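**Q** In case you want the letters, here they are:
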Amino acid sequence: MKNNSVKGTLVNLPLLIAIFCCSYSIATAETIHEERSKYRDITVTQVGDRRCLLFNVHRGDRNQTCMVLNDRNNLVFDYTRMSFAGLLLQPDPRSILVIGLGGGSIPMTFADLFPDAKIDVVEIDEAVVKVAEEYFYFNETENMTAYVDDGRPFIKRAGIRGEKYDYIVLDAFSGDYIPEHMLTREFLEEVKAIMTESSILVANTFSTSRLYDHESVTYQRAFNEFYNFKLPTSGNRIIIAKLGILPPREQLVAESRRSGPLLEKYGVRLADYPRRLTTRADWDMSRRELTDQYSPGNLLRGN
Amino acid sequence: MRKKQNRILPRAIITGMAFVSGFCIMTVEMLGARILSPYFGGSLSVWGSIITIFMLALAFGYLVGGTLSARNPSGKTYAMFFIGAALFSLPVILFADFIMEPIFLSIDDPRYGSLFASIFLFFIPTSILGMISPYSVRLMVESEEQSGSMAGLLYFVSTLGSAAGTLGTSFYFVLWFEVNQILWGAVLSLAFAGCIILFCEYLKKTNNDFASGVYEK
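Note that the protein sequences, when read in sequence, are chains C and U. According to the working numbering, the first sequence is numbered sequentially starting from 1. According to the working numbering, the second sequence is numbered sequentially starting from 1001.
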């Protein structure tokens, strides 16, 4: 806990590592960048033309983002593709908020799909922003801004300013540490404050461990009902929630036919999604709701 | 034997109190990040703010406690440290939002926001808890030769208490209880510790009165 700051020496370290790794990568074509940021170890690897971003690789974490360099539009991971299922409910977002940048594939796809939409990306780790820019072609544009900030205060401030977003993606929960203050009922109430009746919240969450039950109960209390979205090929569970009543399935099917072709080039098979969305509760509803008073997410995950 | 009679508090009591204060300091410190995160996030700088303010508060408390111990040390003052720390911890439970909200609204940078919030929430109770250590040394020491070994024993026990408070809070209490329930536990333990000291004082006083013949009429 009492962390001796080595920030001063770290300033030049990424550069040195980058130089070292670049020369190293010619020989092995494996690790092309390694860096220890304030929050995690960041590794960029490349096999052939597939480039991946990994966090805390020494502790056995999985890939955060992968990109096929010759086909940069194509989203490699299911959970990234699944984050676009919210388009079935909100097909034309004018303002988009993405919490958690990773390699930037979600915001870049949004920017490609909706060039006129305002996109705000919030990432706690400035080193991740830099890596996304240098290795994954992430670029801030006139409409897309990356903020180095914690998601919760960012959303709280946006709510106080009265700002609203049409499409909100919560993707801050990958990696081996869970930001517990972004799992709570109070946080979801703050998220609701930046939503309108037509806004959609898409949260990439946990599909295993006791945390699944606690998290589901918390979302249920905050939104009454939400779409639970899982794919057999993915270990992730996506929660899709909105204020008010969820649209009937027919509407989703119709929308998937309309928007599906637009998303094909990203590898998102929208037509398959409506039948995978369910409101059926497959979790233990007796589990305790997570609140600012009770949110031991990291401990629950281990059980 | 005479010396023992004059000792303000039994050594076992003082040692136990050192453990309780160490335990409570770290319990509150560990919960600090949880309390601040809804407003200032969970970044490294929030931990930095909390640890900085706890260290400064303890430093200040050590100094003041040491100075107070030089003037007519008494069990009553010692008890007041515990009761005072308990009372001044109450705002953390009862008014945390009222304290943090205006700071959140007026300071954009979460580093300074969390620093100021830590000052207002934790500085006073933690500095009072810091006063306990030097004061305990004064109450334990009867001769110059003992001073080192008594100080060593107290550091040992209070740091053990800190370790137990850290582990207990971060491994188990947050899984079993709500933040405020844990804080109430710390507040009540401190208040209870203060009452035990007052009770010892009372016992000693009646004993002394008895010995000096007040009741022999």
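Hints were generated in silico from the structure; no laboratory data involved. Predicted model, so just to flag it, every value in this text is computed and none were measured. Hints should not be assumed to be uniformly reliable.
DEER-style ranges, computed between Cβ atoms [what the hints assert, rightly or not]:
hint : chain 1 : residue 1 : chain 2 : residue 2 : range
1    : U       : Leu1044   : C       : Ser286    : 52 to 60 Å
2    : U       : Gly1168   : C       : Ser234    : 36 to 44 Å
3    : C       : Val148    : U       : Gly1168   : 43 to 51 Å
4    : U       : Phe1098   : C       : Arg288    : 45 to 53 Å
On the chain U side, residues computed to face chain C include the following (Cβ under 7 Å) [claimed, not checked]:
hint : residue
5    : Pro1038
6    : Pro1091
7    : Ile1119
8    : Asn1207
9    : Ala1211
The beta carbon of each residue, even a glycine, is placed where N, CA and C say it ideally should be.
**Q** Now tell me if each hint is right for this structure.
**A** Hints, verified against the model:
1. Checked against the given bound of 52 to 60 Å, the beta carbons of Leu1044(U) and Ser286(C), roughly 36 Å apart, lie outside it.
2. Restraint check, Gly1168(U) to Ser234(C): a C-beta distance of roughly 38 Å satisfies the suggested window 36 to 44 Å.
3. For Val148(C) and Gly1168(U), the Cβ-Cβ distance of about 35 Å falls outside the hinted range of 43 to 51 Å, so the restraint is violated.
4. Range check, Phe1098(U) to Arg288(C): Cβ separation about 26 Å, and the 45 to 53 Å hint is violated.
5. Among the interface hints, the one on Pro1038(U) holds; its C-beta lies about 5 Å from the nearest C-beta in chain C, closer than the 7 Å criterion.
6. Contact between Pro1091(U) and chain C, as hinted, is not supported at the beta carbon level, the nearest pair being about 17 Å apart and thus beyond 7 Å.
7. A distance limit of 7 Å between C-beta atoms decides the matter here; for Ile1119(U) the minimum to chain C is near 18 Å, and the interface restraint is violated.
8. The restraint placing Asn1207(U) at the interface with chain C is violated, with a minimum CB-CB distance near 45 Å, outside the 7 Å limit.
9. At a threshold of 7 Å, the smallest CB-CB gap from Ala1211(U) to chain C is about 49 Å, leaving the interface hint violated.
The structure fails to meet hints 1, 3, 4, 6, 7, 8, 9 from the earlier list, while all remaining hints are met.
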